[in-house]
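**Q** If you want the building blocks of each chain, they are given just below.
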Amino acid sequence: MSTIHSHSSAETNYLTHSRGFLSWALTLDHKRIGVMYLVSVLLSFFFGGLFALVVRTQLIFPGMDLLTRDQYNQVFTLHGAIMVFLVIIPSVPAALGNFILPIMLGAKDVAFPRLNLMSYYLWLFGAAFFLLALFMGGIDTGWTFYTPYSTDADKGSQFAGVIPALTGVFILGFSSIFTGMNFIVTIHRMRPPGMTWFRMPLFLWATYATAVIQVLATPVLAITLGLLAMERAFGIGIFNPALGGDPVLYQHFFWFYSHPAVYIMILPAMGIISELISVHSHKHIFGYKFIAFSSIAIAIFGFLVWGHHMFTSGQSELITVIFSAITFSVSIPSAIKVFNWLATLYKGSISLNTPMLYALSFMIIFSIGGLTGLHLGTLATDIHLHDTYFVVAHFHYVMMGSALLAMIGGLHHWWPKITGKMYNETLGRIGAIGVFIGFNLTFFPQFIMGSHGMPRRYHDYSGVGWLPEMTQLYAPYHFWSSVGSYVMALAFFLTAGYLIHSIFRGRPAPANPWGGRSLEWQCSSPPPHNNFDEAPTVGDCYDYSVLEWDEAQQGYRWRPDVPRPGAGGANPYKH
Amino acid sequence: MAQVTDTHKHSNEDAGHHGVGHIVSPKILIANTIALLVLTVITVAVAKIDFMEYNIHELNMIVALGVAVVKASLVCLFFMHLYWDRPFNGFVLVGSIAFVALFMVLAMMDTSEYRSDIVPGDSRGVVERINAAEQRYAPGSTP
Amino acid sequence: MTTSTHHAHDHPPHLAHHWETPQQQFDAGKLGMWLFLATEVLFFGGLFVGYSVWRGNDPELFQYGSRFLDTNMGALNTAILILSSMTMAMAVTFAQQSKQKALVICLVLTVLGGAGFMVIKYFEYTHKFHDGLFAGPAFYNGPPDPTKAHLWDPSLPVVTQEQLIAARMAAATTPPPPADATDAQPLTAQRSAIAPPQAGPSGLNLHANRASHDSHGKHDLLHPLQDPHRPVNAHVFFTIYYLMTGLHGIHVLVGMGVIGWLAVRAMKGHFNSEYFTPVDLVGLYWHVVDLVWIFLFPLFYLIH
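Chains as they are written, first to last, in the numbering used here: chain S, 1 to 575; chain C, 1001 to 1143; chain H, 2001 to 2304.
Okay, chain S solo, but in the shape it has when bound (with noise of 0.2 Å):
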């Protein structure tokens, strides 16, 4: 009835394959380091959320007295450092990544299986400094860490976390390379036979294309936070003006990697998206090789950009206009993969399954997202936008609203893979919309009151503005805005709440649920320990005419009058 494996290995899955605390803390298998990124994550992004919440809070009226001002600057930056360090950066790639790639591709296993592991606890050690940092006094200098403040602002006293909080992120810098390193490895020289290029999920080009921007930006971070530890901890007269140092090179240091890294973040985001559209309107992808090739051209614009964030920081006017002027070709690639995912759902047989939802709610977000964003590349606009809060709901949008969306779309598309169980569909959904409600609420507000001139980062907006009106103007936005976010944190909360309750009573999931073509379906749910025990050979991973569903397992199955691809026996999807 339910799926019968023929194949001794997949009796034992790779759940179930070992057990005890140190099978899982010594594991190399990509599937439970994948696991324990997972949820490390999410519980990283619990805090995160937890402090934009009581941000929100301390918002939702004028006059709210729930922070002090310094107690304010450092809960947004930690809402910001972990967002980004913690949550977004692992958690398409080395989250849904490290279980979903090497499967997805017909490998056993990444090519580094030990620097995999290393990968994780680095990752453990760059969030302990950062709950060092929190102990230590806590840092308000935000996610940028712009000199000179981070190098002078109260050195002995409190906000001492800047250093341990430099350390962290350098820490999950490396995190972030070795993955990166082996995601290209694993793709370049671990392809089954019959795995050409493009024959690869896009998720991989998009993963590939992610791991790129890791190795070639983030050592660069590295020694850009090496240098300000240095500065705040010697006073080395590089970045500080203080001591005859440039502040402005401090800028492009640190933004030479931290626009790539918004494309760390967005790249494998349209990744998953490319599959969950395709999969779920069960539909070939339309226009693969463009969208291949815009994850590769992406990842190379992203690197010729980054002077975007500096247009009032004293950068000069030749730079700018460069910069602003190439900002744009950026949407080139991105509007490719919206118009061919939106060419995939035409005439699509489409689900509307939770994953589908959240893949559509990307799709709006981050068009809103993306567009606002020329409005910033912009440079007249952007005298005026800069530091607003229409850059806060523009990154919001693109960040969190895409590339997290994308990432809890992609963790319901492969939750019964991950887990081996299926999730409630109906509350599923109402999650999925609820998110989509709370957020355009909590961050549509932001684009129109920042268009206003409400400056971010202010504790309180109270005479803000240079009319007592300013303030009563901003009032119900923000008000919103709080309003929003609370929507949100009870969708998550329920979204949380089924996945859990799913772990311990949902239906066992069949290895094919959603109809998807690529080599994850074809093992069981969960996979076996060891993905293949024979290299898999590989056909179109977007034909979705060879599929048929099947009542008895509810799920999809390969039709039995269609011969499968490769010689017999080669074949791993049994049943």
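Treat the hints as calculated values from the structure; they're not laboratory data. Treat the numbers as computed from the prediction; the structure is a model and nothing was measured. No residue lacks a Cβ here, since even glycine has one placed at the ideal position from N, Cα and C. Honestly, I wouldn't trust all of these hints.
Stated by the list, open to error - If you want the ones that stay clear, here's a sample from chain H, every Cβ over 12 Å from chain C, calculated:
(1) Val2119
(2) Glu2124
(3) Val2264
(4) Arg2265
Claimed, not checked - Computed spacing ranges between beta-carbons, pair by pair:
(5) Phe2123/H to Ala25/S: 43 to 51 Å
(6) Gly497/S to Lys2268/H: 50 to 58 Å
(7) Val1105/C to Glu425/S: 51 to 59 Å
(8) Ala1045/C to Leu26/S: 37 to 45 Å
(9) Phe21/S to Gly2132/H: 53 to 61 Å
(10) Trp549/S to Tyr1083/C: 55 to 63 Å
(11) Gly2260/H to Ala1101/C: 28 to 36 Å
Assemble chains C and H onto chain S, guided by the hints.
**A** Below, chains C and H without anything else, positioned relative to chain S:
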């Protein structure tokens, strides 16, 4: 050892053949070392000549860096086996250098523009002078 | 082994379970190492960018500062690193040929080369510390450490950063004096006063300044703190020097450690023509250490 220089797509096709990697004979390595040492002597000797006096200001740096690039290429090609290796490994190296160059060019373009822009003379004294002025108007603060 | 129907039980030793063939494993290790080296290139690249930005905008800092470096020591270190690179490359060759004894000798020689490099570096550093040439704002944080009194010419005043900046600001806002005033004044003439306003950047005066010092060697150089012709921000040269050579030195130390570990393993006979990947990959790392120095040497020691 022909399989190393092959660039076929699936590295696992040429299996069953032990002894991977290209073996470089010590003679080549010694010849390469001698070339590197000779280049070091040349670059030190050239540095002693002051081209400033002949009004060719940049030549010292151009020669020094040119020799360094040649030396680096020799190390990469022969010591690091790139001459015989898969081209992609060399591409990784060249690509990483290209990104450093990109960073360098744009950062230098910008800094050279704005440095002279801010304050005539020396922009880096600005904070010093602001601090000094603040101290002048704030009695009680420590100098 | 032409098809993929290949099972774990006939894997050669050293072949991890997730690889099909030794060639695949070797290629993957090598690509991984090259990617790591790419990250090293970008890691050092950040410092090289910092160097270029400062040198491009303030070349006089480097012209001034490099006179405090000993070209001969730098050249000697270059030669040592090149030779140790050669022994490392030979170690790879010998490992591939299963020549155990030669492999061990080459690895030990490589470690010794690294040690020689670090010893010379140690002398260079200690000499500079002894002379009070520190990184950071050491040149303008007021009067020098009294315990270093022997370094100072008691007859000369200390020229602070503020004074230099004031002089340059004044120079930038006053009309240029007659041409003969741009020549370096005898140092005694400046004994009692702040450095007088100069026409144009102080770097222009270097030429006259160096002519009086170069032939006597570095010991006759005025300490930067007492040198009125010192460029503003002269400390940045030393900061960048210590950062870049220091980071490089750390890499040399790491390399020595890893190669030492390889030597121990080689003595136990772990490496042969079937399995030499660690030697090969560490070799690549060691060559990159050499590569970085090949650029650091002309960029710091060979400046006119």
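**Q** Now tell me, hint by hint, if it's right for this structure.
**A** Hint-by-hint comparison with the structure:
Every C-beta of chain C lies more than 12 Å from that of Val2119/H, the closest at about 19 Å, which supports listing it as non-interface. For Glu2124/H, the shortest C-beta to C-beta distance to chain C comes to about 16 Å, beyond the 12 Å cut-off, and the non-interface label holds. No Cβ of chain C approaches the Cβ of Val2264/H within 12 Å, the least distance being about 22 Å, so the stated non-interface status holds. In this structure Arg2265/H is separated from chain C by more than 12 Å, as the shortest Cβ-Cβ distance comes to about 18 Å.
A beta carbon spacing of about 46 Å between Phe2123/H and Ala25/S agrees with the range 43 to 51 Å that was offered as a hint. At roughly 56 Å, the beta-carbon separation of Gly497/S and Lys2268/H lies within the given 50 to 58 Å, and the hint holds. Between Val1105/C and Glu425/S the beta carbons are some 53 Å apart, a value that agrees with the proposed interval 51 to 59 Å. Between Ala1045/C and Leu26/S, the C-beta spacing of about 57 Å breaks the proposed range 37 to 45 Å.
With their beta carbons about 55 Å apart, Phe21/S and Gly2132/H fall inside the hinted range of 53 to 61 Å. With their beta carbons about 57 Å apart, Trp549/S and Tyr1083/C fall inside the hinted range of 55 to 63 Å. Take Gly2260/H and Ala1101/C: their Cβ atoms lie about 35 Å apart, and the range 28 to 36 Å holds.
Taken one by one, the earlier hints fail for this structure only at number 8.
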